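J.: The chain contents come next:
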Amino acid sequence: MSYTLHINGQLVSVQAPGTARLLDVLREELGLTGTKEGCGEGECGACAVHMDGQLVNACLVLVCQAEGHEITTIEGVAAQARWRPLFDAFVECGAVQCGFCMPGMVMAAAALLRERPRPSEAEIVRGLSGNLCRCTGYRKIITAVQRAGERIASGS
Amino acid sequence: MNTRIVGKAVRKVDGEGLVLGVKKFTDDYDIPGLLVGKLLLSPHAHARIRRIDASRARALRGVHAVLTYADVPRIVHTTAGQGYPEPSPYDTFILDNKVRYVGDRVAAVAAETEEIAEEALSLIEVEYEILPAVLDARAASREGAPVIHDEPEAHVVIPIEYDPKRNIAAHTVIEVGDVERGLEEGEVRVSEEYTAHYAQHCALEPHVTVAYVDEDGRLVLVTSTQVPFHARRIVAQALGLPVKGIRVIKPRIGGGFGSKQEVFLEQICAALCLAAGRPVKIRYTREEEIVSSRTRHEMHIRVTLGAKRDGRLTAIKMDVLSNTGAYGAHGLTVASNAGSKVLPLYRCENVRFEATVVYTNMPVGGAYRGYGATQGAFAMESAVDELAERLGMNPKELRVKLHIRSGETSPIFAKLGEGKPGVAQTISSCKLGECIEVGAAAIDWEKKWEGYRTERAKGGRYKRGVGMAILMQGSSIPHIDMGAATIKMNEDGSFNLLAGATDLGTGSDTILAQIAAEVLGVGASDIIVYTSDTDMTPFDVGAYASSTTYLSGRAVQRAAEEVRRQVIEVGARLSGSKADGAVLEDGQVVFVDGRRVSFEEVARYALYQRDQFQIMGTGSYYSEKSPPPFAAHFAEVEVDRETGEVRVVKYVAAVDCGVEINPVLARGQTEGAVINGIGYALYEEFVFNERGRMVMDTLMRYRIPGTRDIPEVEVIHVPSYEESGPFGAKSVAEISINGPLPAIGNAIYHATGVRLRRGPFTAERVWRALREAGR
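Residue numbers (the numbering used here), protein chains in the order written: chain A, 1 to 156; chain B, 1001 to 1775.
Looking at chain B on its own, in the form it has when it is part of the complex (with noise of 0.2 Å):
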């Protein structure tokens, strides 16, 4: 397809702005009396407030508000930011009686200052009943286990398995074919079991909130949130407010990766706000980020795999325990994810999939980038990579025989969804198979992969290895996703883009204003794109599960067509001709019969002239199917065999997102994942002391890679064309998370010969295992 505007490196139209340090973000608001808000954490893993009083801190000068579980209305909720009704348990309250994590929220103060603020909390007195802890996942469900959540209100709101007494958050099982038979019919058998670990998003801008009551008495929340419409919703629910006395504007965010599509900040910022009757801002220090935010949900998986001796699969079976710590935020939904978006990479008919979630007193799981894809990949592309040594072959070349084909459906889509079972579906969209390709001759595979195994044996203090991972992901949840956009014409023949959509830096403003710029025939600057206001923009669930491009680039290409039609209906009447036919091109309406009118023509006429009316439309998307992008990464490393330590010498990411709507946007989203992969997979880690308190607690302890920590990284795009996305586009945000800790896991097998089943792989972890295995 011939496009303009789509297809092309455009300029990011707030770009310049933040280059700058113009645009605002939440913490840029300057607003009248505006108070510092701060929460008192809990020290302790698993307690019971047995009594707390405040009235030390509410009499110091300068506080406005104290808030104890006491001081808030009691209504259980979720903060997971997900489609009404949720998926995850409303298990969560603004303030409690009990503390389940040190770090959960025991009071909140308003003051004049921060240094007030933090003398109030010390006021705080609190006498803890503390109360055994559960701090490993796989003694959470025991008998005798302490229950974390014995309040009676915890409860779900869709039909989904759920025992707290148990501390079970969510379970979860499918089963197609007869995994059993298949097993036993397979020749070659590898069953292992592997750890995700918990991470923290590390966005550089931590979550903030500002709340105000505007000159109509509404409450205003600014806020760093990717999902500003489930943020009014839960908002209003957790205060029993209603939701159209409350406004949700998302400024500029300084990136979320998932930690945003949690509504934690907000209802505690705003019932500071409502008590103290003031302006407040409560803005996350880095520590609170890392041990009071969201993480990446650890996630134990086996995995078993039966195959022939020629490498076909008789039987897939997948077997999770996820951690959702001490709330159960997207618990169900992370760990069917580890499933869905990876068991259909591989053609099998015989699979089961089994998920348990459990409650621990630990930090709390919720959306990160890949969203149990990450854990699901770790632990499937591993166990082919094991599958392929016990068959002699050549990992490349099994996963080759294996994977999934354009035209080609998996029973796992109709079978495994997010709450409710899946959306059938047939790929229309799969170079997997390119991809795979020219990743291997990026890394020079072939050659590589004999070469250094010959090299393994013998001695040397370096050794080089090349691992590989194959991946998936998709592009909106299907039959759940809804987004809207709003066009307007304005009279010089420039339009506004009102969307709900929400742009957390991946460039989502961008790529919607060039859909719009398409299909109107204008350039995208003549698009001036408004979003993520929920009085201001149509709906829009917001920025999650891959799905701004697709599902709400589709809304905007609906809301365009609209507007096109409307603007060639005006231009035909202004100008005789006849509408049958023209086309937008360069801000003028081209007829059959050649006549050209400009956009300004029409909408001058449009509303000034005749039959005056605003030229306008909104289009919707819901989505029927997630169409998934496919990836093939590649990892070089070498293994220094005397420390331990790990060095990614090259990492190719071969990349099928369908048509990059802007390939320097696209690209720049592969680049940063894989980096962010690189680090979760070489060294990001949470270490816990004895009475559960996340240690690695700044940035300087919680490492995140740097300038000096990136190899040479080959990004290649293998474009595909998927038929029911905006232009032939697919998602490609999340799923270069999901490679590095698989093929930077295989790389170092391939180097070694020691398999490292759980990681991160620091040179302590790769040092001891080395010594284990006598290497």
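In isolation and in its complexed conformation, chain A is listed as follows (with noise of 0.2 Å):
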């Protein structure tokens, strides 16, 4: 089948079977390998992207679901310049150690903090509970969203 997806603001044509999953068409057909796959089970969250803003786990999206929605990847956020505080407070605050966990982290980071400038510990928490992070123990990770959060709220 013939799919035309709507991916990091670019319209993208692949063929792929309808029952073909997001991340495997991302990754293999599309080259965004920045989307990793963890569990294949929507348990880890590796492979969070945004669709319609929303996030989801692109291990648990079909690509004939994908087709009409804007689709963003670690890919496209990464060439929003809105996001630099984001990507340096993970670095800065030692967020990131084995960083397989990171891109779908930025994801899930980057979509609470369009909802919640200012997010509180308990709201930071949440929005990242479903992405699993075995490296860090998370503390550096809160720390860091919190960080960014207060940078891009107050443009510095």
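Hints may contain errors.
Stated by the list, open to error - Cβ pair distances, simulated, as ranges:
no., chain 1, residue 1, chain 2, residue 2, range
1, B, K1165, A, R126, 53 to 61 Å
2, B, R1768, A, R84, 49 to 57 Å
3, A, L11, B, S1122, 33 to 41 Å
4, A, R82, B, P1085, 55 to 63 Å
5, A, R82, B, S1525, 44 to 52 Å
6, B, R1604, A, Q80, 37 to 45 Å
7, A, G68, B, L1607, 56 to 64 Å
8, A, G155, B, K1244, 40 to 48 Å
9, B, G1245, A, E70, 24 to 32 Å
10, A, L11, B, S1525, 34 to 42 Å
11, A, E70, B, E1112, 29 to 37 Å
Hints were generated in silico from the structure; no laboratory data involved. The model shown is predicted, which means the values in this text are computed figures rather than measured ones. Here a beta-carbon is modelled for each residue, glycine too, at the ideal position from N, C-alpha and C.
Put the two chains together into one complex; each comes in its own frame, and the hints tell you how they fit.
T.: What follows is the structure, encoded as structure tokens:
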């Protein structure tokens, strides 16, 4: 089947069976390998992307479901200057160790910060609760999102 | 010591690329013609393959290779990525005509797509003769137990006790002093058995390997490994290929925690690649990762302590029964570490340690952060608490009285090594006493210890308690491990650092860059780090045994010192100044006469102008000792006596890891290890059905901590200076995973008066224990 997808602001046409996972289409057909696969069952959030601004796990979205929606991946967010403080905060705070969960964490954090520019700690905990990290113990990730939120909101 | 780069929170060299998703992991490599490799796993715990017919799978369109035991070399080896000769038994084949646990390999296919590969697997006809299985470590060596390794090839390559006919994968015993006499001399005795349970690493990136043959006909493996050089050696051995025909490249690794110190995917992926004549990738699913990779060895540990009424220990006896599962990977060494990384903590003249490692038809043990010390610490730290109770002492005071100090040694160091006697060492840096005091203050120990005990006697649904544990680990394996690094100077005055060391997410590339930059008088960003490529970098044993900062760091320091010598020499030649006393500073050579020469001038002179040569140095470091980091951990818990639920209210980890080369990265290691340990203590659990299948096979069932599960964790660095380490550093990565199980167990006891001697402390287990105790 042929699908026209709206990805990171561009229309792209892909050939795939309707049951293909959005995750595989992104990684294998479009070479967008920033989105990772950690479990393939919606538990770890490493494949998180935005669909019409909502955080979804790309392993649980079929390509046929993605058609007609705006999909943003880590590559799309990485190209947006407004998120620069978020990227910096992750690195400065030591929120990144192996980094495999990072693109998904960034997507979750960006979705949260768009809704709640200065989130409380409880809101961050909830906003990132679908993303697993085995390295950091989360504290530095939470701190990074807090710091990024303050910087983005204050425009510094 | 004044340092410019060491001790600073330098930005992780690969941090931004990882955050933005541009750094490549193995699964991100796009290789033309790449096939998907899939494995057929055994549904039986113990069976002989009577007949296997892959003809229908081979005939399927899009299938390029199908391998059964008949198609691969029958070469016995170990998957344990350890130094050669390995202390793990040679008991594994790429594929065998026998399966030894649910999840063992039966066959492998390489096909155009995952769907075709899966269909091909379903077309392989296997006739099993189901054999009786050993599903309990305690039953493994009983008379008449089924023999799991009855193949004649199974053997050990170093002189250690090995008796596969009795399912004994290893056995070791050491004694110092006279334990029986010590126990007689004791006035108080504790003797209890503790079980440290199975666990899985759950690195976010599952095991994944890509194999291809390059344009020179050499086999290239891009793989998520902690041990690229061992992987090269083991693949060469298992396939009967020359080492020179193989290149192993480690890209970014999505965590390992020991699971990737095992070489079990590389050889079969390589075999598929060679059979198909096409590149092949095998990537484990999460389910495969949980049921068919490696685990923390389950151990049953009896600790017997004899003590005088004032608390002095007269004897320590530790008996370990370790379940290595179907294969003996890391069996002996993990079990040995349950003693060698725990027993030296306590002053005692009479110590006996015995470990029996048994085969079962259960998931395979392996290296897992903590490496036996996790299991040993649970038993010992619980037993010390039980002793304190019997002595009527505050468990903190008892530990303060008994713990090892700087300038002291333990006879265990010399007696108990990894498959051979250990190496004697005197503790040169130990701030364990301070760790205990500052940690106790942070949790408010004295007040809570008395207060909650008084509370315990009263009724009420929620009960709080505090518990503690003291810990040690090592820094590399002495007289075994070696790491090397090369540094070369570029014409702009920057440097390439080529190191065998393996960054699996810990940040070691950054740590090594900081060490090189410190010696060379440049910024960390002037060091271009390239690591873990068997063609391009010098040897290193890899990332395990808490060795990278300490061992590989010293190798980098040596290489940098050699380069510094050459830079000064060239600078002196070109400037006419005297080399003596010159220092490197801000990318310049600064001579005693005040003259300065930039690195760019030095490099250009050396490369283009006179007596040209490449400014370059290689350093190797071989460890003579393994200085332990120390830690004191404290947990405060709240137990719901109606539901059995345990909530960690606060956790304190006070850690002496020597100098922190990078405080942000070092603390990140401690925070991560603590949370991993809390998951292990509270809910991470292997549950088996009656046929030996591990049923907690997804991240929904095998739950690991998420953001909602983390308590307040306070990490306190208690600095010491380790003379033998790079800029005073010791290791930090493993130690703190060992604390939560005993500290939380002790806190539950403090809260409820009920002692749990096996984890995890799930609500059900705690509830049952409370009911049994009538509380």
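J.: Does each hint hold? Answer for all of them.
T.: Comparing the hints with the structure gives:
Distance hint check: the CB atoms of K1165/B and R126/A are about 56 Å apart, consistent with the given range 53 to 61 Å. A hinted range of 49 to 57 Å holds for the C-beta pair R1768/B and R84/A, which are about 53 Å apart. Between L11/A and S1122/B, the C-beta spacing of about 38 Å keeps the proposed range 33 to 41 Å intact. Checking the proposed 55 to 63 Å range against R82/A and P1085/B shows it holds: the Cβ atoms sit about 57 Å from each other.
For R82/A paired with S1525/B, a C-beta distance near 26 Å fails the hint of 44 to 52 Å. Checked against the hint of 37 to 45 Å, the C-beta distance between R1604/B and Q80/A comes to roughly 42 Å, which is consistent with it. A hinted range of 56 to 64 Å holds for the C-beta pair G68/A and L1607/B, which are about 59 Å apart. Checked against the given bound of 40 to 48 Å, the beta carbons of G155/A and K1244/B, roughly 58 Å apart, lie outside it.
Taking the beta carbon of each, G1245/B and E70/A are about 49 Å apart, not inside 24 to 32 Å as hinted. Range check, L11/A to S1525/B: Cβ separation about 39 Å, and the 34 to 42 Å hint holds. The hinted window of 29 to 37 Å between E70/A and E1112/B holds, with their beta carbons roughly 32 Å apart.
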